[in-house]
Amino acid sequence: MDFRNFEISMEDIYQAIILIIIGFLAGVINTLAGGGSLFTLPVLIFLGLPPNIANGTNRIAIVIQSLTGTLGYKSKGVSSFPFNIYLAISASIGALIGAQIAIDLDGKLFSKILAIIMIVVGVMMLIKNKKRALNLPERLTGKYLVYGCFGFFFVGIYGGFINAGIGIVIMIFLNRVHHMSLVKTNATKTAVVFIYSSLALGLFAFNGAVDWKMGLLMSFGTSFGAWWTSRWSVKKGDKVIRAAMLLTIVIMAVKLWFFE
1 MDFRNFEISM
11 EDIYQAIILI
21 IIGFLAGVIN
31 TLAGGGSLFT
41 LPVLIFLGLP
51 PNIANGTNRI
61 AIVIQSLTGT
71 LGYKSKGVSS
81 FPFNIYLAIS
91 ASIGALIGAQ
101 IAIDLDGKLF
111 SKILAIIMIV
121 VGVMMLIKNK
131 KRALNLPERL
141 TGKYLVYGCF
151 GFFFVGIYGG
161 FINAGIGIVI
171 MIFLNRVHHM
181 SLVKTNATKT
191 AVVFIYSSLA
201 LGLFAFNGAV
211 DWKMGLLMSF
221 GTSFGAWWTS
231 RWSVKKGDKV
241 IRAAMLLTIV
251 IMAVKLWFFE
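Quick note on the working numbering: the sequence shown kicks off at 1 and runs consecutively.
Derived from the structure by calculation, the hints contain no laboratory data. Bear in mind the structure is a predicted one, so any value in this text is a computation, not a measurement.
For lysine to any residue, the following SDA-like pairs were computed, each having C-alpha atoms within a straight-line distance of at most 25 Å:
hint: 1; residue 1: Lys213; residue 2: Met10
hint: 2; residue 1: Lys213; residue 2: Ile45
hint: 3; residue 1: Lys213; residue 2: Pro51
hint: 4; residue 1: Lys213; residue 2: Val43
hint: 5; residue 1: Lys143; residue 2: Ile157
hint: 6; residue 1: Lys213; residue 2: Phe46
hint: 7; residue 1: Lys74; residue 2: Leu145
hint: 8; residue 1: Lys76; residue 2: Arg139
hint: 9; residue 1: Lys213; residue 2: Ala16
hint: 10; residue 1: Lys213; residue 2: Ile21
hint: 11; residue 1: Lys74; residue 2: Leu216
hint: 12; residue 1: Lys143; residue 2: Val177
hint: 13; residue 1: Lys143; residue 2: His179
hint: 14; residue 1: Lys213; residue 2: Ile18
hint: 15; residue 1: Lys213; residue 2: Pro50
hint: 16; residue 1: Lys74; residue 2: Glu138
hint: 17; residue 1: Lys213; residue 2: Ile103
hint: 18; residue 1: Lys76; residue 2: Phe220
hint: 19; residue 1: Lys213; residue 2: Tyr14
hint: 20; residue 1: Lys143; residue 2: Val78
hint: 21; residue 1: Lys143; residue 2: Phe153
hint: 22; residue 1: Lys143; residue 2: Val169
hint: 23; residue 1: Lys143; residue 2: Ile93
hint: 24; residue 1: Lys143; residue 2: Tyr158
Taking the hints into account, I'd like the entire structure generated from these sequences.
The following block contains the structure:
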């Protein structure tokens with residue numbers, strides 16, 4: 001009897017270690033580019049959570065990781081306030097819609113949606129002019145603010161629905177439309193994702209689609225990964241972030257082609 005209880009406790013320890021390690025890797029990837037949910041969601045499902053519960057549980061790590069990432073960038077003096085708040089308000093409205101769709105629909109739609117996202121992102125990366133947006137003045141007001149709010153409403157819908165891979169789309173959008181550097185783009189992304197993901201998490205929790213124990217364990221790893229990466233990436237600059245974006249896209253494409 002005691003031996004059996006010991007086995008159960010050891011299984012819990014192994015599960016916690018897996019969640020923390022995967023969470024750390026996801027925090028690094030999400031803070032640099034995006035796509036960390038492609039690691040965390042399969043792990044949560046593998047550990048026994050139904051897809052809809054895994055989707056809701058994953059938001060705990062996203063929220064905490066985004067908060068620590070935002071604080072990390074702020075500690076280095078990187079911020080786009082109040083521009084990021086305007087985008088976050090628009091995205092939050094969309095996120096509530098997307099989260100409700102995720103609660104109502106079958107989780108098997110994930111792979112198809114991600115496949116479409118990967119095609120769009122891949123094309124955008126191929127046609128991107130590397131020098132185009134790096135030395136141009138930022139465009140954060142007037143009609144460009146309107147464009148941003150409009151675009152981020154749809155970002156919020158997808159983010160509320162599943163969020164996996166949306167970080168890369170956000171970075172490309174901010175870099176190309178608003179001419180923001182990739183470091184500042186990352187800071188903006190983490191702040192916006194924190195705000196709209198908090199609302200989405202609340203809706204998932206209200207509908208009983210969150211496993212708080214597993215989510216908090218994973219978030220321990222993601223928060224450390226996000227804090228460390230946000231400060232490190234400021235020192236390394238745009239080149240390392242661009243490389244991380246390309247690497248993440250390759251990893252995501254492999255996941256979509258070979259795993260359901």
